[in-house]
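First to last, the protein sequences are chains A and B. Reminder that position 85 of the first sequence reads as 84 in numbering that gives the first Met the number 0, one-by-one numbering, no gaps. Reminder that position 110 of the second sequence reads as 109 in numbering that gives the first Met the number 0, one-by-one numbering, no gaps.
Bear in mind the hints are in silico, worked out from the structure with no lab data behind them. Quick reminder that beta carbons are idealized off the backbone N, C-alpha and C, glycines included. Do not take every clue at face value.
[Stated by the list, open to error] Examples of chain A residues lying across from chain B (beta carbon under 7 Å, computed):
id, residue
1, L7
2, C82
3, M87
4, W91
5, L94
6, F224
7, V264
8, V266
9, I269
[Stated by the list, open to error] Which stretches of chain A does chain B cover? Using the computed rule of at least three CB atoms under 8 Å from a CB of chain B, they are:
id, region
10, 190-203
11, 272-278
Chain by chain, the residues:
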Amino acid sequence: MNIFLEILVYGAVQSAVYALLAMGFCLIFGVANIVNLAHTALYMIGAYLVYTFFSLLRLNLAMAILLSTVSVGIVAMGLYRFCIRPVMYSEWSVLMVTISLALFFQQLMIFFYGPPDRNVQGFIQEKLTLFGVVEIDAQRLLTLGISVILLILLWLYIYRTRMGKAILAVAQDREAALFMGINSERVYLTVIAISAMLAAIGGAFIAPTLGARPEMWSPPLGRIFAVVVLGGMGSLEGTILAALLIGYTEVIISFAISSYFGELVAVLIILLMLTFRPSGLLGKRIEV
Amino acid sequence: MPGQENRSIFTSERIGLLIALAILSAVPLFIKDRAIVELIILANIYAVYVASWDILCGYTGQVNFGHALFVGGGAYAAALLNFYFKTPPWVTIFIGGGIAAIFGLIIGTPCLRLRGPYFALATFAAAAVPYGLTDVYWEITGGLDGLYGISPIWPTLAGRYYFSLLLTALCCGLIYAGGRSNKGLILKSIREDEIGAMASGINTTRYKLVTFIVSGFFAGVAGAFYSHNQLHVGPETLSINLSILVIIMSVVGGIGTITGPICGAYLLTIFNEMLREWEELRLLIYTATVVLMLIFVPKGIVPALSEGISQLFKKRKGG
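So here's chain B without its partners, still in its complex pose (with noise of 0.2 Å):
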């Protein structure tokens, strides 16, 4: 039952977490391969995309199928303004986030009033037309190649990616701390009965439109700061296959857990780049997986499996 969670899986949760985060900030002193620290840097931004998604799809129970109007909104303000005014990443990397709040703010407002599939096409639509007007304006977004050029954040790997860490230990412990609180539960009861929370009441519209905003400024910010990462912004950050990673990485991890999609974005990542040899297979088991996973286990791997550990205790106690 949602909203009905045991207590001590909330701890051992916490304690996985810290033992999570103490790996990650250990990786650049053990592994010395270069392409392995750059695929969790990529790692660590999917785990900041995935979670603001799942704050306000898996929360509000409404699926964002255009995610990637936050992340390339956020890309492409921090790589134009760095570019053409060169200005320094960690101011770009909130504008950005601002920028891609305000995205939240504009597409938010219209599709507060959508519900299932209308609110899908709208978003999926809107998402379409920043996408469409990077080609139009090609002499400034620099069209189908992008960007070249763009500031670094750090000049040092090890540097990088302790940023990209910092991001995403902030990040989406804010997130997991704001869905956690009393905000969370009310998105929640907003997902299980929106007429029921309204009579309880909750203004449903306004939680709805602050978790748009909040989703847009952490998207943002990680595609910000993705854009640096990668000296490069390219229509790709706005394309239609990203927005349907994010779904592919949430529903693997478990859709409205935080920590699940979390999850499902490092496996996936790290799936992506074992799947290398068979590029052309690779969307074909991901798309296979995700229609399986529909089917006989929706609920996610990450909450799937907790659940399973949890019952082996209660038994182990019990007996």
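Next comes chain A alone, as it looks inside the complex (with noise of 0.2 Å):
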């Protein structure tokens, strides 16, 4: 019993992470077909400079966190204007140059910070301890409730707002929405700094729990190309659906034979999906 409530709370943290993460990740995907390879690595720019705002230069912590999520949004619209929209015409430039970017700013990251971890002092210090029976910290809670929040509110932005019915207009048909007058540009610079102000966020939540690494985006762009993938891309609620799968049977494995495994799992999701249905569980029929 104990255990099973241990893997429900541990679960729901990591797979609302996910969540966060192959959401901005899929909706740059579904609006502006851009593989975004570089986007875990915002995520890990969102950590570092929560460290630097708050561990560091010692702001308090809503400034930090709105400090970092703004200029990592700022860096998002650079890098589509300058790097990103130049190569749009081939789909694997954009691969090259996203995953380019990505190492870049790993790079970046060391020569700045030096290759050690950086910990991040938690924003609540204490531990809870859940139904009597688990124990889990509160920053880990914090996370969650945070990522619940931010999906809710992003939900609210998409399907409730001129700009979410625009965004929803030029991912059905770009061309379409031009002719109804949607300035499909301005579109893409919205989906870009709202998908990369959501990794910033994530970043800096975890970051007292996992601490600001230069590898750290890495590990995680495989979770979410597991989660976009069996979400179908281009599907926000098969993307909520799928982060909850992987992020429950990484945990369960976790638990059950070691945290080696929930590696690979998503790995062999990725490959067992893309081979036997490529549309994923909630996508829309495409042609792959």
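Put the complex together from the two separate chains, hints included.
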């Protein structure tokens, strides 16, 4: 029973972070058709910036998070404008540019902060006991809460506002949206800023638990691939469902066998899904 | 326009290749610095990595993000055979190639249906599986440290050098000839318009699968050679960093030309050595170069240069 509750809680935290990251990744892919391999690099930058503002410069927490989120959003828009847009005529140039950018930022962080981990003190220090048995850092629960709130806000933004409608329209058919007078370039920039800021917030809240490390971008990249492939590229509901599946599978396997196999499972899911159902669980039928 | 190259560039390209081969074969006679000879051995091996990557990716237009799967597969197959069964190197090199070719068949079959980003994701994921397995079965593979004490291909440095040169000349020569043949043209037609190629009666599935196997075979041979050259095999031969390095070398040289990526391999290996003093800046400069190259010189250095030179000649003849 204890183990069951522990899996329930830790799985929820894990899934929420994956959902937050995968949502941004999926949004850019669905709307602008960009596979942004530098997405988790933005998450890493978020973690490092929060370390800089919060632990080094000792700004207050809200200020530190706000500053790092906004600066990551600006960086992402710059990257789109100057690095990604010039090569958007070819899908694989985008892949290569973004993976190079991810490595570039990894090295940049090593250059500025050095290779060792940087520890960020917890936003909330205490430990909580849930249901009387599950011990968990309050920081993890905070991450879960923030992720859920952000996902709800994102959902409201996309389905309840004018800009959200424009985003959906461009995702459906860019040219038709252009004819309706939607500025697709502005939609792209908005989507990129939103997804980058989601990644940055994820990184900022995960930093106290995992620390800020230069290689922290690569493990979640594999996971969000798995989430996005499982859920169907471009399907937001599918992404949430898949994030839950992958997050829980990983936690269950880590508890049952070892965390190594957790990583392999994500990879196997990608391969099996791509072989047998490339459109994902809830994805629209696509030509792959 | 791809597929409409000038005939005269072909011959000058061949002369250039022969000159390059002559210079390379003279290296151990004139250069006495062991470190530099070792470096050029490494460049020779990398040249095979990128050439085998290019025949699959440059020619069919599918970017393989997991080339390390083939390289590492060959390297580990050769190293394990040599380490546990004392199989001699000239046998293990071919077995390594064979194992990597089988990997090519296994990963190629599901990947045939995929295009663009999906293909990249699948190959990326496929390479991550054996990388994780080396750590899980560390009793056999030596885990993160790898295995030491693999027998050398040849005891002396000069001998090893000539073996590596032979490997490069043979493998790259075969790949180059294949790329320039009718079969290469068919692959290019698949890249330009797969449905058009199908409509012309080409069995695109079979061609792509065979290319996967060929690419895997040569990468595996080179990987096996690498482990006999380093006397060591480690998970770095399976890592995503190696896959990306291969892509970087090809992008810098010029994808889809075979000779371009090979030049890229030599250039970057030497560049790498020159930047040794700025260890932490190295990857920073590399990745920034790739981004800039893709934006401003998407064709790559070699095609851009050869185009410039041939235009210069045309002007001279015309005026």
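Hints and how they fare:
1. Violation of the interface hint for L7 of chain A is found here, the shortest Cβ-Cβ separation to chain B being roughly 27 Å, above the 7 Å cut-off.
2. Below 7 Å, beta-carbon pairs count as interface contacts, and C82 of chain A has one with chain B at about 6 Å; its hint therefore holds.
3. Because the smallest distance between the Cβ of M87 of chain A and any Cβ of chain B comes to about 11 Å, over 7 Å, the interface hint for this residue is violated.
4. Given the 7 Å rule on beta carbons, the hint for W91 of chain A holds: about 4 Å separates it from the nearest Cβ of chain B.
5. Annotation: L94 of chain A was flagged as interfacial toward chain B, and the flag holds, the nearest CB pair being 5 Å apart, inside 7 Å.
6. With a least beta-carbon distance of about 5 Å to chain B, the hint placing F224 of chain A at the interface is held under the 7 Å criterion.
7. Annotation: interface hint on V264 of chain A violated; nearest CB of chain B at approximately 10 Å, more than 7 Å.
8. For V266 of chain A, the suggested interface contact is upheld, since its CB lies about 5 Å from the closest CB of chain B, less than 7 Å.
9. The interface hint given for I269 of chain A is met, as the beta carbon of that residue sits about 4 Å from the closest beta carbon of chain B, less than 7 Å.
10. With 0 residues having a beta carbon nearer than 8 Å to a beta carbon of chain B, the region 190-203 of chain A misses the requirement of three or more and the stated coverage is violated.
11. Proximity of the region 272-278 of chain A to chain B, defined as three or more residues with a beta carbon under 8 Å from a beta carbon of that chain, is established by the 3 residues found.
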